[in-house]
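Residue numbers (numbering that gives the first Met the number 0), protein chains in the order written: chain A, 0 to 291; chain B, 0 to 459; chain C, 0 to 427.
Wrong hints could be hidden among the right ones.
Part of the chain B face toward chain A, derived, beta carbon under 8 Å [to be verified]:
# : residue
1 : Leu16
2 : Gly124
3 : Gly426
Stretches of chain A that chain C covers, calculated by requiring three or more beta carbons in the stretch to come under 8 Å of a beta carbon on chain C [said to hold, decoys possible]:
# : region
4 : 5 to 11
5 : 109 to 122
6 : 206 to 212
7 : 245 to 258
8 : 261 to 272
In case anyone wonders, no lab produced these hints; they're calculated from the structure. The beta carbon of each residue, even a glycine, is placed where N, CA and C say it ideally should be.
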Amino acid sequence: MTQFLDYVLGGIGSGAIIALMALALVLTWRATRVVNFAQVGQAMFTTFIALSIQTLTGSWFIALIGAIVAGAILGVIVQYLVLRPVKRMDTSGAIIATFGVLIALQAAAGMIWGGDSQAYPQPFSNTAISLFGREWPLSVYDLVVIGFAGVLVVGLTLLFTRTSLGLSMRATAFNPEVARLSGVRVGRTLTIGWALAGVVGAVAGVLVAPTSAISPNSFDILLVFAFTAAVIGGLDSLIGAVALGIGTGLILSVVSGYSDSSNAPVVALVLLALNLAIKPEGIFGHNSARSV
Amino acid sequence: MRDLMRLPGARLIQHALLAFAAWAVLMWVNGSVDELTNYYLALIAMYATAMFGMVILVGLSGQVSLGNGALMAIGGYIFALTTLNWQYIPLTSIPMNGVWAMLFAAIGGVVFGLVIGLLGARLTGPYLAGLTLGIAVGIPAIANRFPGLFGGETGLQLTVPYPDGGYPAVAEASGEQFVTELPTSQDALPSAGASAGAGDLLTSDNFPSGDASALPSVAPGDLLTADNFPSADPSAMASVAPGDLLTVDNFPSAGATPEASSLDVSVLDPSTGTGTDGVDLGFVLERWEASLAIAVACIVGFIALNLVRGRQGRVWRAVRDDPVAAAVSGISPAGSKVTAFMVSSVFASLAGAVFVQILAYVGPGAFGLGLSLSLLVGIVLGGRSSLVGAVIGAVLLVWLPEFVLGLAGDRGWDEQVTNNAPNLIYGLLVVLVVLVAPGGIVGTLQALVGRIFKRTARSG
Amino acid sequence: MSKVLATRVVAFGAVAAIALATAAPSGAAVAAADPGVSSNQIVIGTTTPLTGPASPGYKDVAPAAQAYFNYVNANGGINGRKIKYVVKDDQYNPAKTKSATSELILRDKIFAMFGALGTPTHSAVVADLNRRGIPDVFVNTGSSTFDNPGKYPTTFPYFPSYVVEAKVMGSYLLGDAALAAKKRCIFYQDGEFGDNALVGFNAAGVQFDTQVSYFSGQQVAPFTSQVTKMKAAGCELVVFFGVTSATAQLLGTSAKAAFRPTWMITSVGSDPTVLAGSLGAATGALMTGIYAPSFLAPIQDTTNPYVSQMKVIADKNGLPWNFYTYYGINTAYVLAQALKAAGPNLTRQGLITALQTKASGFRSAAVVPMVISAKSHQGLTGYYMGQYDGSGNLVRKTSYILTATSAATGTAKQATFRPGAPTSKLLP
Numbered sequence: 000m001t002q003f004l005d006y007v008l009g010g011i012g013s014g015a016i017i018a019l020m021a022l023a024l025v026l027t028w029r030a031t032r033v034v035n036f037a038q039v040g041q042a043m044f045t046t047f048i049a050l051s052i053q054t055l056t057g058s059w060f061i062a063l064i065g066a067i068v069a070g071a072i073l074g075v076i077v078q079y080l081v082l083r084p085v086k087r088m089d090t091s092g093a094i095i096a097t098f099g100v101l102i103a104l105q106a107a108a109g110m111i112w113g114g115d116s117q118a119y120p121q122p123f124s125n126t127a128i129s130l131f132g133r134e135w136p137l138s139v140y141d142l143v144v145i146g147f148a149g150v151l152v153v154g155l156t157l158l159f160t161r162t163s164l165g166l167s168m169r170a171t172a173f174n175p176e177v178a179r180l181s182g183v184r185v186g187r188t189l190t191i192g193w194a195l196a197g198v199v200g201a202v203a204g205v206l207v208a209p210t211s212a213i214s215p216n217s218f219d220i221l222l223v224f225a226f227t228a229a230v231i232g233g234l235d236s237l238i239g240a241v242a243l244g245i246g247t248g249l250i251l252s253v254v255s256g257y258s259d260s261s262n263a264p265v266v267a268l269v270l271l272a273l274n275l276a277i278k279p280e281g282i283f284g285h286n287s288a289r290s291v
Numbered sequence: 000m001r002d003l004m005r006l007p008g009a010r011l012i013q014h015a016l017l018a019f020a021a022w023a024v025l026m027w028v029n030g031s032v033d034e035l036t037n038y039y040l041a042l043i044a045m046y047a048t049a050m051f052g053m054v055i056l057v058g059l060s061g062q063v064s065l066g067n068g069a070l071m072a073i074g075g076y077i078f079a080l081t082t083l084n085w086q087y088i089p090l091t092s093i094p095m096n097g098v099w100a101m102l103f104a105a106i107g108g109v110v111f112g113l114v115i116g117l118l119g120a121r122l123t124g125p126y127l128a129g130l131t132l133g134i135a136v137g138i139p140a141i142a143n144r145f146p147g148l149f150g151g152e153t154g155l156q157l158t159v160p161y162p163d164g165g166y167p168a169v170a171e172a173s174g175e176q177f178v179t180e181l182p183t184s185q186d187a188l189p190s191a192g193a194s195a196g197a198g199d200l201l202t203s204d205n206f207p208s209g210d211a212s213a214l215p216s217v218a219p220g221d222l223l224t225a226d227n228f229p230s231a232d233p234s235a236m237a238s239v240a241p242g243d244l245l246t247v248d249n250f251p252s253a254g255a256t257p258e259a260s261s262l263d264v265s266v267l268d269p270s271t272g273t274g275t276d277g278v279d280l281g282f283v284l285e286r287w288e289a290s291l292a293i294a295v296a297c298i299v300g301f302i303a304l305n306l307v308r309g310r311q312g313r314v315w316r317a318v319r320d321d322p323v324a325a326a327v328s329g330i331s332p333a334g335s336k337v338t339a340f341m342v343s344s345v346f347a348s349l350a351g352a353v354f355v356q357i358l359a360y361v362g363p364g365a366f367g368l369g370l371s372l373s374l375l376v377g378i379v380l381g382g383r384s385s386l387v388g389a390v391i392g393a394v395l396l397v398w399l400p401e402f403v404l405g406l407a408g409d410r411g412w413d414e415q416v417t418n419n420a421p422n423l424i425y426g427l428l429v430v431l432v433v434l435v436a437p438g439g440i441v442g443t444l445q446a447l448v449g450r451i452f453k454r455t456a457r458s459g
Numbered sequence: 000m001s002k003v004l005a006t007r008v009v010a011f012g013a014v015a016a017i018a019l020a021t022a023a024p025s026g027a028a029v030a031a032a033d034p035g036v037s038s039n040q041i042v043i044g045t046t047t048p049l050t051g052p053a054s055p056g057y058k059d060v061a062p063a064a065q066a067y068f069n070y071v072n073a074n075g076g077i078n079g080r081k082i083k084y085v086v087k088d089d090q091y092n093p094a095k096t097k098s099a100t101s102e103l104i105l106r107d108k109i110f111a112m113f114g115a116l117g118t119p120t121h122s123a124v125v126a127d128l129n130r131r132g133i134p135d136v137f138v139n140t141g142s143s144t145f146d147n148p149g150k151y152p153t154t155f156p157y158f159p160s161y162v163v164e165a166k167v168m169g170s171y172l173l174g175d176a177a178l179a180a181k182k183r184c185i186f187y188q189d190g191e192f193g194d195n196a197l198v199g200f201n202a203a204g205v206q207f208d209t210q211v212s213y214f215s216g217q218q219v220a221p222f223t224s225q226v227t228k229m230k231a232a233g234c235e236l237v238v239f240f241g242v243t244s245a246t247a248q249l250l251g252t253s254a255k256a257a258f259r260p261t262w263m264i265t266s267v268g269s270d271p272t273v274l275a276g277s278l279g280a281a282t283g284a285l286m287t288g289i290y291a292p293s294f295l296a297p298i299q300d301t302t303n304p305y306v307s308q309m310k311v312i313a314d315k316n317g318l319p320w321n322f323y324t325y326y327g328i329n330t331a332y333v334l335a336q337a338l339k340a341a342g343p344n345l346t347r348q349g350l351i352t353a354l355q356t357k358a359s360g361f362r363s364a365a366v367v368p369m370v371i372s373a374k375s376h377q378g379l380t381g382y383y384m385g386q387y388d389g390s391g392n393l394v395r396k397t398s399y400i401l402t403a404t405s406a407a408t409g410t411a412k413q414a415t416f417r418p419g420a421p422t423s424k425l426l427p
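Given these sequences and hints, build the entire structure.
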């Protein structure tokens, strides 16, 4: 039982990262109805930028700010150059366009920073916390990661529910034409959605880098898990992305703890298939996902 | 003439003639090009086979799939496992061969296509993408999970059933693999004439400078001598007494008796396709691979033509364009989607079975997410809703990487730039084509040609 | 009507374009004695991951070999022939390896394959290379499947197989009373890599209290559950059989969990320079005391004339001085000697004969003997055991070496070997 608790706690840290990346995918989906395959590429790129800033200034915090700014800019650039020009891009076209961006970003990062794994400095203590006479598989750093995820979710929820910008973003996501008629500047709203997604992805990248190092391909697997979490959660739901992201982390941790780790992806696939078979619109999704 | 075309079966004959003509032309090309082109032709035909299924699934039925690479893996593994493990078809006395294995691969494709289709029929857009992405990642992971059966990450090697006159089979393992006597030291270097002793060390001072192709500027007089040989001789070398030196007796046995003739003398010269003994075996491996792939592609293309231009094609299009209207007129939208998945799955399985024969290998690394995404790239760039688009997409998948490699080339850039340049150009090109030609190359050309014809019709 | 017509025009155009593109005439090559050799050039090729997830570390091997060949070419080449080394990026994808190898054989007309990297990737092409009689020299993998002269008469692996390495680790472990007394666990990479290790330890008579594995490519969940499991089991000695990027995660996660067993790590998973890249400032502290086998002279030992000279080549070409660079230059050096030994009248059969009969005399930074015969194509035969000190340097623990076979039975045996001095200025 204590071991189970350890596996669960150990999974929360990695789950929080998956949750943030899933959150970014949900944001672009809500904004433009596009699943952004380049999201992990953007996060990787901004994390490399952060690493350069960190090396230059020595400050973890300045590097994080740098990543956030770069994330927003990169999100806007991708949306502006790649997705805006084609008004009615179908799912396949959008996937392929963002996939092309992903390949290009990874190659560009390889050109600029080289293909090797690079260490990202650890800003907080990353040793197990001792409390109540035992060591827990959580560190101060894990708590920071979970804290960031929590703050971002609460902040985004407030933004969407309590501000006029959030209202217009929701309106645009629901029906761009109607939103335009009611005076929403749709183009600007979409761009802000992408910038927000870029910011969330950038934060996720900077947070995951100290525990896994960074290379042009180091976030690839994150895309698969985050996409899975976002889809099962229901692509429209912020809460769904976070809950399922953390859930995915837990499942991976518990499965590799109790059985062979090579079972983890297979279990993830089975759960994904079962979930979509039972609830095609995702656990937290609206009914719009299923058409017939 | 027009009446003749309306006869039942006339379209079937027309399609058969078209497929046969394509086969004849491609086989003529296949017979008249060099081996490397044969190989590319095999790949193009194999990709086209899979992409005919993508046209039906993505273009006609309007479903997105990131998992067709995994469906290819299913066909590939079924082909490999049945040919490797079965001498005879179980419960019968029919000897196994490649054709049967392809048939089993196709059956496997039907089954998996049905399962995935049933799961996916209720899903749309990104949810379907999520499911198929899971399949693209999960199915190769299953091969990793059960290494005993599937060969794990290393994969399985195939002995492709070459027709008579093919390459000589490689001899079986000769058993004994190890030399028991190991030398305990290396002998001194054979005295190299003028150079005095063992002392010539390469240092950063005497490293040849500048152009690598130029001869070294170091004159013999500049050479280091025994005096400046590093005094700190590695202890491992210094500590051994002269008695430990290699002698004739403890020299490895292989040195004395060169049993070098383990190589088959009649190895083939790849540049001519003939044995080195000059006998023309009349068999080129790549040509055989291409013949196989072309035959399968033409058969699958024939089936696809009939489906696309027949009633089923209209059903798929109707469901894609307006599922509600289709349902009202008595078509089952879900059923039509499942059918599309099954057809594309069979095509993918057959392509996978051809692919493993080209590779003579099957393994999860060859059928990863990258392959699934490539198929989608090919179909989006070529043109989603036309079989011609599938063929163009297949050509692009083979030609584009070569093209960007040529573009990036060796331009004396820094190494990490040169290594990554092809990928950067490839990614940007994909984005560019999607932006410039959202309907793919065929869709855009159709629009262009259509506009020109409209203009000429108006002016004429 | 016009739409159908348009479709047909497009279709015709497409078919015509393909026919034209594929029917381009091929350059007719003049048949020489063997492809890839002329009076002044030898063409050799390789496939290796230069980009993609598997490229960190491995991408340095081929450029290092290239640097050595450039150096040899600058000194007049081998028997008057310059080496042209064609490197193809396969991104560790067997399908791309197949295409790249076909291009090397059919377009570049290589004389020999050298240093092709990876077990799954090479599995897709090894039969074809052998069928064509192309020498397949120093495959960069520890899989024991490629040492099989009966099946693969032209293939020559270089470094000892993973089975050998596991036997060496097992024998050393049992021979050291303090280590043998510890509660042992093994953490390995799923797939053939880990399976080979288990075969070797089993043959050496080493049983483990707990076996834990990881799925290669698993990067999001940094081994938290595996470390928890080992810690809960009370492991005191952990043998790790995985790649370097995984080692970095393992050490980091273990430090976080205050799990501090004695580590024994496979040679392919313990390159200190690459680890330092991933672990940053903590590298020295985390690596102290780790046992690791090696077959090359310690990389930081610049008093060794092989190491110092190879480092010169790396430095002059701006290459990072890590195990991969060192290894790449070293194998290129051995290949150059084999090509030289094959004589001025270079043929494929000549190169294979030279490797089978003269390998034990070839110089290299390896401190274990290289023994190749017609019956065994496995190059190196064993390891010494080392231990990392506080500055990330591997210190040799055994004056002897441990040798073993790749067979599923038999243990490692102690032996001594005194390597000879390098050739003049590291030229063949």
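Outcome of the hint check:
A cut of 8 Å between beta carbons decides the hint on Leu16 (chain B): the least distance to chain A is about 32 Å, and the hint is violated. Below 8 Å, beta-carbon pairs count as interface contacts, and Gly124 (chain B) has one with chain A at about 4 Å; its hint therefore holds. Of the supplied interface hints, the one on Gly426 (chain B) holds, with its beta-carbon coming within about 3 Å of a beta-carbon of chain A, less than 8 Å. Closer than 8 Å: that is the beta-carbon criterion, and the region 5 to 11 of chain A has 4 residues meeting it against chain C, so the requirement of 3 holds.
Judged by the Cβ-Cβ criterion of 8 Å, the region 109 to 122 of chain A is covered by chain C as claimed, because 9 of its residues qualify and three suffice. Given as covered by chain C, the region 206 to 212 of chain A passes the check, having 4 residues with a CB less than 8 Å from a CB of that chain where 3 are the minimum. Figure legend: the region 245 to 258 of chain A, annotated as covered by chain C; annotation consistent (6 residues with Cβ-Cβ distances under 8 Å, at least 3 required). With 3 residues having a Cβ less than 8 Å from any Cβ of chain C, the region 261 to 272 of chain A passes the three-residue criterion, so the hint holds.
Comparing the model with each numbered hint stated earlier shows that hint 1 is the single one that does not hold.
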